[in-house]
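Asks: Here the protein sequences come in this chain order: A and B.
Each residue of the first sequence is one higher than the last, beginning at 1 in the numbering used here.
Each residue of the second sequence is one higher than the last, beginning at 353 in the numbering used here.
In case anyone wonders, no lab produced these hints; they're calculated from the structure.
Beta carbons are placed, not taken as given, at the ideal position from N, Cα and C, and that holds for glycine.
Treat the hints loosely; a few may be bogus.
[Claimed, not checked] Now the stretches of chain A that chain B is said to cover, found in silico as 3 or more residues with beta-carbon under 8 Å: (1) 170 to 177; (2) 180 to 187; (3) 315 to 325.
[What the hints assert, rightly or not] Computed list of chain B residues with no C-beta within reach of chain A, every gap over 10 Å: (4) 379; (5) 409; (6) 525; (7) 556; (8) 685.
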Amino acid sequence: MSAPAPAAVRPSVVQAVARGRRRRSSRRLLVAVALAVLAVAAFAVTLMAGQTFYPPGDVLGVILGERVPGASFTVGRLRLPRGVLAVVAGFSFGLAGVTFQTMLRNPLASPDIIGISSGASAAAAIAIVSLSLGGTQVSVLAIVSALLVALLVYVLAFRDGVVGTRLILIGIGISAILDSVTSYALSRAGDWDLQEAMRWLTGSLNGTTWDQVLPALVALAVLTPVLLSRAHDLSAMQLGDDTGAALGVRVERTRITVIVAAVGLIAFATSAAGPIAFVAFLSGPIAARLVGAGGSLLVPAGLVGALLVLVADFAGQFAFDARFPVGVVTGVLGAPYLIYLIVRTHRAGGSL
Amino acid sequence: MTSVRTDRPPDAALVRRPARVRALWLLVVVAVLAALMVASVALGSRDVSWADVWAALGGSDASLEQAAVAKRIPRTLLAVVIGAALGLSGAVMQGVTRNPLADPGILGVNMGASLAVVSAVAFFGLTAPTGYIWVAMAGAALSAVFVYAVGSLGRGGPTPLKLALAGAVTSAACASFVSAVVLPRNDIAGSFRLWQIGGVGGASYERIGQILPFLAVGFAVCLLSARALNSLALGDELAAGLGERVAVIRATAALGAVVLCGTATAAAGPIGFVGLVVPHACRLLAGVDHRWTLPFSALTGAALLTAADAAGRVVARPADVEVGIVTALIGAPFFIYIVRRQKVRDL
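Model the full structure from these sequences, guided by the hints.
Replies: Put into C-alpha cells, the structure is as follows:
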C-alpha cells in the first residue's frame with residue numbers, strides 16, 4: 001500500500017495486509033475460474049463448429065457413446081481427439097513453461113527457447129522418419145532426449161552457479177544444433193511430407209488420433225499433481241536458493257523433481273503434437289498479467305496454454321483462406337511478444 | 353565504456369604476430385582452400401576417376417561421371433564465394449560491435465534477409481533473382497539496425513550478451529513469420545523449406561554471375577575499412593581522439609557486412625555460424641590486426657564452407673546433407689564454448 005504506518009496503528013496494518021491477501025487470492029480464484037470457463041467454452045465450440053455445424057445435443061450424444069449419424073464420425077473421430085489433444089498439449093506446455101520461468105526467474109527461460117522442445121522433436125523426428133518406430137517408443141525416446149538436453153544445458157551453463165542469461169544463450173546454441181538435426185531427419189524422409197514436417201518443426205494437430213492423445217493425457221494426469229504439490233516450494237525458491245533453504249525447502253530435491261516433471265510434460269506433449277511454437281513461452285507471462293503479483297501461476301498458466309492452443313487451432317483451421325497448423329498461428333502471435341519482452345527487459349536495465 | 357571487452361586478454365605475442373608467420377599462414381590457408389576445392393569437385397555421391405575430373409575441368413561432359421563433375425564445379429565456386437562473404441562479414445561485425453558473439457546468423461541478420469525474400473516472393477510475386485538480392489539486403493539492413501537498437505537499450509549499451517540475446521530473439525521471431533508466410537503456399541513451400549536450411553546445391557554459373565557484383569562491392573567496402581576498425585578496437589573515445597569519425601566508420605563497415613551477408617542469404621539461404629567461428633580461428637593465426645584478419649577470414653570462411661559442403665555430400669551418400677546443417681553442427685558448440693568463457697559479471 002502506501003507509506004509505512006506508525007507503530008501505534010499496527011493492528012490495522014495487519015488487517016490491511018490480510019485484506020490485501022484475501023483480495024489477491026480471490027482475484028486469483030476468479031481468474032482461474034474465468035479461464036477454465038473460457039477453455040471449456042472454446043472446447044465446446046471446436047466440437048460443434050467446423051465445416052458442418054452440430055447442435056450441442058448431437059455432440060453430447062456422441063461423447064456419451066450414442067450413435068448419431070454423421071456426427072459420430074466427424075465429432076467422435078475427428079474433432080474430439082483433436083480438441084482433447086489441444087487442451088492436453090496446451091495445458092502441459094503452459095504448466096511446464098511457467099515452471100521453468102519461475103524456477104529460473106526469467107521469462108525467456110522457457111523450454112521452447114532453451115532447446116528442450118527441440119530435443120524432444122529432434123528425437124521424435126529421427127525415431128519416426130529414420131527408425132520407423134511408432135507410438136510408445138517415440139514418446140519414450142522423446143522424453144529421454146528431452147531430459148538429456150535439459151541436463152546438458154544445465155551442466156554447460158553451470159559455472160560458479162547458473163546465471164539466467166548464460167543458460168538461455170547456451171540453450172539457444174543447443175537448439176540450433178537440434179533444429180538442424182530435425183531438418184536433416186525430415187529432409188531424408190522419402191517424399192517431402194509437409195504435414196509431418198510441420199508437426200515436428202512448429203507443431204500441428206492435424207489428423208490427431210486417440211493413440212497420440214492417450215500417452216500425453218496419462219502423463220498430464222500423473223505429472224500435474226507432482227508439480228502442483230511443489231508449487232509452494234517453488235514460490236519460496238523464487239526468493240533465491242539460500243532464502244528458500246532457510247524457509248525449509250529442500251532446494252536440490254525440489255529442483256530435480258520439478259525439472260523431471262516439467263520436462264516429462266513437454267516431451268509427452270511434443271511427441272503427440274510437435275513443439276507448438278511459443279505456447280510454453282507465452283502462457284506464463286500472460287497468466288502473470290491476469291493474476292497479478294504473488295501466488296502460484298501454475299494452474300492459470302496451464303489454462304492459458306490450453307485456451308491459446310484451442311483458439312489458435314480453431315483460428316488456423318477456419319479464420320484464413322488457407323489452413324494453418326496451430327504452431328504457425330501461435331508462432332505469429334508469440335513473435336512480437338518475444339520482441340516486446342526483450343525490449344522491455346533491456347530497457348529496465350540490468351539482468352533479465 | 354566499462355562493459356566492452358575484447359574477446360581475448362591482451363597478449364603481446366598474439367597481438368604482434370611477425371609478418372613472416374602471418375604470410376606463412378596465409379600461404380597455408382590458400383593451399384588448404386585450393387586442396388578443398390579440388391576435393392569438393394572430386395568427391396560426391398558418384399565416384400569418379402581423376403581422368404574424368406580433369407576432362408570435366410576442361411569443359412567436357414561426355415560421360416555420366418564427367419557430367420557429375422561438371423555440376424560440382426559451379427557448386428564449389430558458389431560455396432567458395434558464399435563462405436568468403438560470410439566469413440568476412442562475421443569478422444567485420446565482430447569488429448564493428450566489438451562483440452565476440454557477433455555473426456550474421458546469431459544477430460538475426462540472415463533470418464531478416466530470409467524473411468524479406470520470402471515475403472517478397474509470396475506477396476509481391478518477385479521472381480527475378482537480382483530482385484532477391486536487393487530485397488535480401490534491405491531485410492538484412494533492417495534487422496541489423498533493429499537488433500543493434502534493441503541490444504543497445506538500457507544500461508551499459510550494446511554488451512555482447514545483450515546483442516546476442518536480441519539477435520537470437522529476432523531470429524526466432526523472423527523464423528516463425530517465415531513459416532507462416534511459406535506454409536499456405538504449396539507452390540513455393542517445397543523449394544523454400546530446402547532454401548531455408550541453407551545450401552549451395554543447384555548452383556549455376558548464371559547465379560554466381562548475378563551475385564558477384566554485389567559481393568565485389570561488399571568485399572571492397574569491408575577490406576577498405578580494416579584500418580579504421582583497428583582504431584575502433586581501441587574504444588570509441590580513443591578512436592575519435594585518433595581522428596576517426598566513429599559513427600561514419602561503423603555505418604560504412606556495417607553496410608559492407610550487410611551487403612555481403614544479404615547477398616549470401618539471397619543466393620544460398622540463411623547459413624549460420626560461419627561468420628562466428630572463422631574470425632576467432634583467424635585471430636589465432638594472424639593476430640588482431642584487422643588488415644590481416646579480414647582477408648584471412650574471407651579465405652578461411654571459403655575453406656570452411658567448401659569443406660562443410662563436401663563433407664555433407666560424402667557422409668550420407670548418396671543423399672546430401674545441406675551445408676547449413678553441417679555448419680550448425682560445427683558452429684553451435686563453438687558458440688556455446690564462447691558463451692561459457694564470458695565472465696559472470698558480463699551476463
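Asks: Each of the hints needs a verdict: does it hold here or not?
Replies: Going down the list of hints, with the structure as the test:
1. 170 to 177: With 6 residues close enough to chain B, the hint holds.
2. 180 to 187: Holds: 5 residues of the segment 180 to 187 of chain A have a Cβ under 8 Å from chain B.
3. 315 to 325: holds (count 6)
4. 379: holds, 33 Å
5. 409: holds, 30 Å
6. 525: About 4 Å separates residue 525/B from the closest Cβ of chain A, which leaves it inside 10 Å; violated.
7. 556: holds, 21 Å
8. 685: violated, 7 Å
The structure fails to meet hints 6, 8 from the earlier list, while all remaining hints are met.
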